[in-house]
Amino acid sequence: MSDYLVQFNNISKFFGKVIALKDVTMKLRKGEIMCLLGDNGAGKSTLIKTLAGVHKPDEGEIIFEGKKIVFDSPKDALDIGIATVYQDLALVPLMSVTRNFFMGREPLKGPPFLKTFDIEKANKIAAERMGQIGIDVRDPSQAVGTMSGGERQCLAISRAIYFGAKVLVLDEPTSALGVHQASVVLKYIVKAASQGLAVILITHNVHHAYPVGNSFTVLNRGKSLGTYEKKDISREKLLSMMAGGEELDKLEVELKEMNRISS
Amino acid sequence: MSTKSKSIKSKTDFNQDERLKKVSNLKVLLNRPELGALGGAILVFIFFGIVAGDTGMFSAYGILNFLDVSANLGIIAIAAAMLMIGGEFDLSIGSMIGFAGICIAIPAIYWGWPLWMSIIFAFSMAVLVGYFNGILVVRTGLPSFIVTLAMLFILRGATLALTRLITGRTQVPGLRVLIENDPIAWIFATDSFKWVFTWLGSMNLIALRTDGTPLATGIPPSVIWFIALAILTTWILMKTRYGNWIFASGGDKNGANNVGVPVGRVKISLFIGTAVAATIFATIQVLDAGSADTMRGTLKELEAIAAAVVGGCLLTGGYGSAIGAAFGAIIFGTVSMGIFYTDVDTDWFKVFLGAMMLIAVIFNNYIRRKVTESK
Chain A
706 MSDYLVQFNN
716 ISKFFGKVIA
726 LKDVTMKLRK
736 GEIMCLLGDN
746 GAGKSTLIKT
756 LAGVHKPDEG
766 EIIFEGKKIV
776 FDSPKDALDI
786 GIATVYQDLA
796 LVPLMSVTRN
806 FFMGREPLKG
816 PPFLKTFDIE
826 KANKIAAERM
836 GQIGIDVRDP
846 SQAVGTMSGG
856 ERQCLAISRA
866 IYFGAKVLVL
876 DEPTSALGVH
886 QASVVLKYIV
896 KAASQGLAVI
906 LITHNVHHAY
916 PVGNSFTVLN
926 RGKSLGTYEK
936 KDISREKLLS
946 MMAGGEELDK
956 LEVELKEMNR
966 ISS
Chain B
18 MSTKSKSIKS
28 KTDFNQDERL
38 KKVSNLKVLL
48 NRPELGALGG
58 AILVFIFFGI
68 VAGDTGMFSA
78 YGILNFLDVS
88 ANLGIIAIAA
98 AMLMIGGEFD
108 LSIGSMIGFA
118 GICIAIPAIY
128 WGWPLWMSII
138 FAFSMAVLVG
148 YFNGILVVRT
158 GLPSFIVTLA
168 MLFILRGATL
178 ALTRLITGRT
188 QVPGLRVLIE
198 NDPIAWIFAT
208 DSFKWVFTWL
218 GSMNLIALRT
228 DGTPLATGIP
238 PSVIWFIALA
248 ILTTWILMKT
258 RYGNWIFASG
268 GDKNGANNVG
278 VPVGRVKISL
288 FIGTAVAATI
298 FATIQVLDAG
308 SADTMRGTLK
318 ELEAIAAAVV
328 GGCLLTGGYG
338 SAIGAAFGAI
348 IFGTVSMGIF
358 YTDVDTDWFK
368 VFLGAMMLIA
378 VIFNNYIRRK
388 VTESK
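From first to last, the protein sequence lines are chains A and B. Each residue of the first sequence is one higher than the one before, starting from 706 at the first, in the numbering used here. Each residue of the second sequence is one higher than the one before, starting from 18 at the first, in the numbering used here.
Accuracy of the hints is not assured; some may be wrong.
To be verified - Subject to a maximum C-alpha distance of 27 Å in a straight line, what follows is the list of computed DSSO-like cross-link-like pairs (lysine-lysine): (1) B:387 with A:829; (2) B:256 with A:829; (3) A:928 with A:942; (4) A:814 with B:256; (5) A:735 with A:826.
Unchecked claim - Partial list, computed: chain B residues near chain A (C-beta under 8 Å): (6) 185; (7) 186; (8) 210; (9) 268; (10) 271.
Derived from the structure by calculation, the hints contain no laboratory data. Quick caveat: nothing in here was measured; it's all calculated off a predicted structure. Glycine is no exception: its CB is placed at the ideal position from the N, C-alpha and C atoms.
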């Protein structure tokens with residue numbers, strides 16, 4: 706037994722001959738933010754889908770609250786409390802904040818067979834929850850399309866938390882955002898973790914990950930290059946690991962060589 | 018951390034007045050996709066009030082006349098709007114009208130079924146056709162435009178071929194005598210509030226026939242169905258969980274799926290809705306005319322979609338209103354009948370219909386851009 710909330714042990718995933726993931730291990734405690742770093746093609750998407758229950762791992766095990774579990778569908782993952790916020794956020798811009806917040810899980814009222822969507826209650830909860838993040842939704846019936854990218858991200862995260870997420874998997878939450886918006890979202894992620902959630906933050910932006918993460922896992926070509934506590938690794942080291950530092954060093958040498966010959 | 022301090026400093030930026038003001042203005046437009054259609058309907062009434070105010074268009078008889086036409090179109094336009102909000106099209110509505118008509122007429126006339134049974138038969142066929150359309154679109158992922166276009170031809174062709182095969186002709190008359198004492202037919206064939214018109218007639222407030230009975234005998238069944246459907250669908254869209262699922266399915270299929278909306282089931286149910294609405298339309302018309310015609314309903318699907326678009330539905334789904342489609346149908350119905358009361362050649366009606374739709378689409382598109390633009 707351990708004090709880990711969730712453990713992904715030696716997860717591997719193959720698509721035919723392609724090894725998408727090999728022996729990836731991640732462990733998270735409550736209140737911890739683990740940043741999963743990796744360049745394009747590192748296997749981040751496959752890993753996310755495995756965490757979310759879309760893919761079944763071909764090898765390895767997932768242990769949640771000390772029990773081994775198997776996901777058959779995304780719903781299974783959601784039911785035990787692993788919520789994934791994808792890059793597209795699953796928000797409909799034309800629908801109101803409230804209708805988005807409760808999409809698929811609308812509160813009902815009224816007699817059986819004539820149950821209606823309890824919009825008053827939903828409006829109240831949505832406004833309250835958004836208020837807690839510092840987003841003043843004066844009118845929760847305003848369309849999500851009028852919100853900024855950061856606000857939408859916060860809405861999607863806040864929705865996942867409201868519906869009982871214990872482990873939050875965030876797919877590139879800051880990639881489409883400016884510096885200011887990104888910082889708002891990151892702040893909210895830290896706040897969410899401090900309330901006892903475990904957060905897996907997937908990103909390729911070390912500058913966003915480093916300030917908020919407690920530990921860092923670097924993924925390269927489907928393999929984990931290891932997990933490091935923050936105190937054990939510097940931002941620069943992470944950056945060079947992620948970008949395949951050796952390759953860049955080699956490139957630099959080659960370029961120097963070329964310059965020398967041509968001059 | 019530098020990032021953190023930055024975010025604290027900028028927290029106040031979120032509460033800027035400038036932003037909230039902009040939202041509250043937009044909100045007015047947003048909450049009312051039917052606004053344009055309502056305005057259009059009012060304009061149409063004002064126009065005919067001025068041009069044709071003294072011609073009898075706005076007598077009880079005249080009003081019922083254009084309301085009847087509007088209501089017939091409205092029944093299918095509302096269903097088409099629901100489906101469009103759910104992100105799909107149904108081009109087979111018109112063919113379904115013809116098909117449903119002969120589904121009632123042939124069993125009743127040639128097979129000796131009681132009328133109520135043939136009506137139930139027609140509605141069962143509608144559910145099947147709608148389900149088939151829906152499952153095909155959901156399972157194959159093909160655009161509903163193509164799938165239902167195929168169904169447009171299949172249904173119309175089958176209607177013609179089967180009718181000629183069974184009856185040797187393309188029309189099936191002789192239904193009128195069966196309506197009396199039928200336990201179901203009256204729902205589609207009875208004028209309502211007759212006493213009001215009798216009373217108005219006796220007070221000499223409305224025009225009378227030579228025998229003293231009022232010219233307008235009662236509210237036609239189409240109008241009652243139209244109003245009932247408009248109320249029901251608006252309630253569904255605004256007040257129920259299923260309504261939220263319709264918006265979500267049309268707005269972002271994948272997103273809705275990811276948060277647990279049964280998108281497939283929602284879409285299939287909406288396809289069943291358009292087929293059933295086409296059958297309501299057909300039943301009312303067949304019982305009113307006393308005969309079924311294989312060509313009935315031709316091009317009605319396009320009128321229904323036009324009315325839905327004028328009513329504020331986006332062609333891309335996720336946005337619109339049932340009551341807007343109802344206003345759209347009223348605009349078309351009123352103009353198509355009203356044009357007879359003016360000096361304008363009725364040929365111009367289609368020009369109007371097209372122009373109206375074009376304006377509506379441009380207007381809707383503008384709103385959509387406004388809404389989806391993020392700042």
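Against the structure, the hints:
no.: 1; hint: B:387 with A:829; verdict: holds (26 Å)
no.: 2; hint: B:256 with A:829; verdict: holds (16 Å)
no.: 3; hint: A:928 with A:942; verdict: holds (18 Å)
no.: 4; hint: A:814 with B:256; verdict: holds (10 Å)
no.: 5; hint: A:735 with A:826; verdict: violated (30 Å)
no.: 6; hint: 185; verdict: violated (48 Å)
no.: 7; hint: 186; verdict: violated (46 Å)
no.: 8; hint: 210; verdict: violated (27 Å)
no.: 9; hint: 268; verdict: holds (3 Å)
no.: 10; hint: 271; verdict: holds (7 Å)
In summary, the structure is inconsistent with hints 5, 6, 7 and 8 from the numbered list given earlier, while agreeing with the others.
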